[in-house]
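Visitor: Assemble the complex: chain A is given as a structure, and chain B must be docked to it using the hints.
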Amino acid sequence: MIVQALSFYVFAAVLIVSGVLVVANRNPVYSVLFLILTFFNAAGLFVLLGAEFLAMMLVVVYVGAVAVLFLFVVMMLDINFAELRQGFVRYAGIGAVVGIVLVAEIIFVVSSGAMSPAAGALGGSPMPAGVTNTEALGNILYTDYFYLFQAAGVVLLIAMIGAIVLTHREREGVRRQRIAAQLARDRRSVEIKKVPTGTGI
Amino acid sequence: MVDFWSSYAWPTVIILIQILAIVLPLLLAVAYLTYAERKVMAAMQMRRGPNVVGWWGLLQPIADGLKLMFKETIIPSGASRIPFLVAPMITFTLSLIAWAAIPFGEGIVIADLNVGILYLFAISSLGVYGVVVAGWASNSKYPFLGALRSAAQMVSYEVSIGFVLVTVLLCVGSLNLSDVVRAQQSIWFVVPLLPMAVIFFISALAETNRPPFDLPEAESELVAGYFSEYSAMTFALFFLGEYANIWLMSAMTSLLFLGGWLPIFGWEPFADGSVGQIIWHGLWFAAKIGFVAFCFLWVRATFPRYRYDQLMRLGWKVFLPVSLAAVVVTSGVLVFFDLLPNK
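Chains as they are written, first to last, in our numbering: chain A, 1 to 201; chain B, 202 to 544.
Just chain A, same shape as in the assembly (with noise of 0.2 Å):
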């Protein structure tokens, strides 16, 4: 047990420090490094916790390709940051209260529990024995919930659409390749001529 606690006060310092270093540090690509490094910490106390599928899930969606994608946006831009410190003072009011709301929320779904145990029970659906987590999830999501899955999805899929529509714009006069066209000659298509020496065509 000792070894289980030990790993989880590392798990939970490291992620408390490096998630405060992606909000103070100055340099904006060392704040996505430090994020990813909060994200891989939360997945090591998923591990812990048992559920390895939502800790691998972790990893491969936010620290493989989202933690990517922001890296590669904040690399690519250059940032004034004098500027940005500027806001701190007005912004930090309403940062304040969202910050708080979100502890108020947590709480509040945390000790649902012991203000009413029914509320409780219901909220939390434990792992049937003998079942991997993978295997528990499936079986919630795609029976429990199938219609709420499917409608994330949806919801997903027009957020895509939508992304593609505002950002793609149509450029007349660009030249593009068109690899079935290119496929498709034959023979036929070009016409060979005899050039004679020193005349061109």
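Take the hints with a grain of salt, since some may be wrong.
Derived DEER-like restraints, expressed as beta-carbon distance ranges [unchecked claim]:
1. B:205 x A:86: 31 to 39 Å
2. B:312 x A:159: 32 to 40 Å
3. B:541 x A:130: 16 to 24 Å
4. B:496 x A:99: 51 to 59 Å
5. A:167 x B:495: 39 to 47 Å
6. A:77 x B:298: 14 to 22 Å
7. B:216 x A:159: 31 to 39 Å
8. B:492 x A:198: 36 to 44 Å
9. A:168 x B:393: 52 to 60 Å
10. A:159 x B:480: 16 to 24 Å
11. A:182 x B:506: 12 to 20 Å
12. B:223 x A:159: 37 to 45 Å
To give an idea of the chain B side of the interface with chain A (calculated C-beta under 10 Å), a few residues [said to hold, decoys possible]:
13. 294
14. 345
15. 472
16. 475
Since the hints were derived computationally from the structure, they do not count as laboratory data. All residues carry an ideal CB built from backbone N, CA and C; glycine is no exception.
Guide: The following block gives chain B in isolation, referenced to the frame of chain A:
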């Protein structure tokens, strides 16, 4: 005290021995993969390859390693020092830790994870960080361009790798790598899922930045790409990491499609559970990994480099729709013929 010894110290010692038993042969294999690459390409181009150091040049990788170790590590004055030094370590470490979940035989595995495939997928998708951080920290144009190319490329091909993994998982019904191999007892997945195996192999080439997809380190345009500014051991770590990744991807291909440690046609001359059988299975696995790695080298000697837009087109417009369709078709077939593994 006895409790401490039996429940903490002794398991730690055993795990350390297991790790060494994998890492040392792996590093040797990595060194000799560079030798194999030079010899194979030499043979394909009718040259001799390295033949001066040792018999048939067999000590060449050792000599190269020694040379790199004794050279000076140069850190550019404009570089961000810590990320610059951490990046090669990330690449190297990630290429080693994935081997923890690879089963070399029935029960011969350090960590028999329930989510083994996802673990490998996650680790291979992290490989991009070594490259991106190196490119950014070098504070130099060519490495930066190489890093950007690499980031886009690896993210693109991960998508199709993910869908190929899903088709395999549909046929297995488990994310455990040992289960994946056991499910191939009757037939290796390369037969029913041949198109997926081909897509996986090509995506693996792109994921490891190998030719013909080596745009991130295209020497004719970007010097050496993301590791242009690296020297001595920092360079060597990138180099080792890259070749260890080739072995890893070969091992993954063997596990997913070539039946892992299973011999062909169920050819089992040794009794179940005997030492002979374990060695026999290990040899089969090694032979399969060697064959796939040979294909990596073969491709390099055969094909010219892709243009970047063609690379992106192949990833997003060809592999993504095909693998997505394959997921639908495979699951449809499995449901229709009532072949689903878990009912």
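Visitor: For a quick check of understanding: which of the numbered hints are violated here, in increasing order?
Guide: 1, 6, 7, 8, 9, 10, 13, 15 and 16
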